[in-house]
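Given next are the chains, with one letter for each unit.
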Amino acid sequence: MLRHIDRSDQGSAEKLSALEADHDSGGALPAAPKRRGSAELSAGKLGVVMNLPTLATLALVLAYPIGYAAYLSFHKVTPAELRRGVFPSVGLGNYQRILSDPLFLLALKNTLVFTAVTVVAELALAIAIALLIGQRQVWTSRVTRFLILLPYAVPPIANGLIWSFMYNFDFGFLNRLLFSAGLISKPVNWIGDPNTALFALTVPYIWRTLPFAVLLVHAALQGINPELFEAASVDGAGPFTRFRHITLPLLVPILVVLLVLRTSFAFVVFEEVLAITQGGPGDATWVAVWYSYKRSFAPPFDIGIGAASAYVLALIIGALALAYVTMIYRRIE
Amino acid sequence: MMGRPTGTGALGRRALLKSSTAALALAALFGRPTRAAGTPWADRPATRVDRLNFVVWTYGDIYTKISKKFDDDWGVPLDATISSFNDHPTKLMTMYAGGETIDVSQSSPFSFPNFITQGLVEPLDGLPGSDEYQKNFTESAKQVAVVDGKLMGLPYFSTVWVWNYYTDLMEKARFEPFKTYDELLEQCRKAKKDGICDYPIQWVAGVGLEQLPGTWYQLTWNRGGVFFDKAGNHQLGPGSIARETLKWWIPTFTEQLADPESLKVQFTTSAKAFCAGKNIYRGPNHHYGLNIINDPTQSPIAGKVKVMGSPGDGKTIGDTHVYFLCSANRDKEWAWKLLQYLGGRTKDGAYTQANNLARDAMLGSGYASVMKSAAITEGWKPWGDPEKILEIWDKAIYVGEMCNSIYKPWHFPWTDRVNIEVQKALTGQITADRCCDTLIAAIKEVQKS
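These protein sequence lines are chains A and B, in that order.
Its first residue numbered 1, the first sequence is counted upward by one per residue in our numbering.
Its first residue numbered 1001, the second sequence is counted upward by one per residue in our numbering.
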């Protein structure tokens, strides 16, 4: 039997071995073949062995495509060349081209704006909603907890189409609702106006991805000892003070995780753009992934350019994630 | 009783057996079946395949019908990969890049030069019956399907750009179809002012190859301009008709005469939006939008929408989409057979697909004989006035004649820029002059890349 023995559990493991030895010598059952010391792996080695399948799978499904995309980004690659498997090298040519392309720079700027709006809004909303549904004395919170998860089950492209109908200038539900409520006097062209289109895209995106953030914050809130709040209340702390000095500091680790994850995901927004605006009107909603997609998969199918732009985006995300983690953990320490 | 034939001209039993055996041996040696002269579409290819496939964009159930016919006629099942029109180039090229087998596919005239450059398209010259097909091509079909003197495809359908108007609102406003562009603007302003409708005109100006750019091409051509001359020089400079057309076009948006959805709609969605009966005019766009607008099962205003030509001498543009034999095919002879079912003749010698497309979907054909047939003159009647449309048809040129860049691989990426810049101009972000200057600069950029 291969058994993993934790160091802290060394004593009980020795007892178990002694019991087994006793059983082997005096028991009625046939004696099991004796094992040498080499048959039992150390904790470190066992860890490596157990992780090997995962590492191999990750290498296959993640590392290889990532490496291959890096390789493509330094070559001239079209579908015909992909089929032949021979690509002429262009060195840093693809990177030079995208970094001098005003459309790519605009797409990056739009992506940054989109990410900033969605991440800030999601974090604020996630904390607020998680606090609300965490109220045990409100019986509807259980139903709310379930309902809040529903948008997460909607496929992104379907979400885009739903909101595309909602935003329709002539027949959209949103304009009708706002008009009925007396908030607008004439329909607003939400996604046809370059001034509102990018912000209009953030709403469906937040609607779809917010449940994930709510879930994480809600789970973190459950882990806070209620006695802390009780003690603070006894000391005369009001709800805002309790939130500022107890809840928020204890949520920081999960907020860091959320910041990193939400930023990474918001940077690669695609489906809503595809379903709702296709980058328009004009270039008002061209974001970085839309740029990579159009360069790679629309004529003249310049996959090398697409790979290079995706790599620039990945580097930015990586740098931001590193900055988040360093900055916030330094503050905690 | 008749005597056994004798003499020099007669064939004895032994001689008959000998000659039959020799003929069979020769046929086996060269691997080709005997062909009935002049009917190559009816011959079974000598090779054998288990199945064939094609990669196309969706259009009703036309592919279910033609696939069944092919299977019934030849006993070879077909696999179809069908995506949306906009996604088709991506789907096709990723399949090609991934090393998949593709027997037949299709293309808009705008993507075709790219597919050819990528080596995806197999020339059809020399294949049995190809010459006969070419002889029957319309001018528009020839312009697209014959590239550098080589036959590269067979026509899927042809269309011309027309205007539509909604008769109820026209009567309410007491308008006659406009005869000049100034009159169009006057009518729109008056209709808006009188409360006939909020947005009198719906342009087909969503992002795409044929919507926003197509509308600009058509308006420019009708006003006497071109985008690129025959030598490939752009005609977008200061004072050009294309630039002046854009200047005329912008106020229809800034004065809110144009439906704001105009910048989002594609040809089909635009036809569906027009069915709401909220606009007076729609266009200029494909003639077959009428098969949605005047279809009682789809449109509340069915039967109340008429077709009209363009102002002045009425000249307009048209185009033809093609099917092509893919270089990644599994068997050239069978792929050619399949290609003919989609874009040529079926086993019975009829242009089955072209006839069905005319009768079921109001599409025009790239074959002159089909365009003259009852499939068109009678088949289009449920939705529109075939005589009137054919009159407009006669005034149409292939769009490549006024926008020569369509024959170049860089046209597609340049169109991306057209979509972006013209939408910016129409939404008031930039002027028409800046838009055209940017597009001129973009020509060199896309040519370089």
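Read the hints as simulated data drawn from the structure, not as lab findings.
All values reported here derive from a predicted model rather than from experimental measurement.
Keep in mind that the hints are not guaranteed to be accurate.
[Unchecked claim] Computed cross-link-like contacts, PhoX-like style, restricted to lysine-lysine with a CA-CA straight-line distance of at most 20 angstroms:
(1) 1142(B) with 76(A)
(2) 186(A) with 1192(B)
(3) 1448(B) with 1068(B)
(4) 1142(B) with 1448(B)
[To be verified] With the Cβ distance kept under 7 angstroms, some of the chain B side facing chain A (calculated, not the full set):
(5) 1093
(6) 1096
(7) 1101
(8) 1111
(9) 1123
(10) 1125
(11) 1126
(12) 1239
(13) 1241
(14) 1256
(15) 1409
Idealized CB from N, CA, C, for every residue including glycine.
Practice task
Please name the hints from earlier in the document that this structure breaks, with their numbers sorted from lowest to highest.
Solution key: Structure breaks hints 1, 3, 4, 7, 9, 10, 11, 12, 13, 14.
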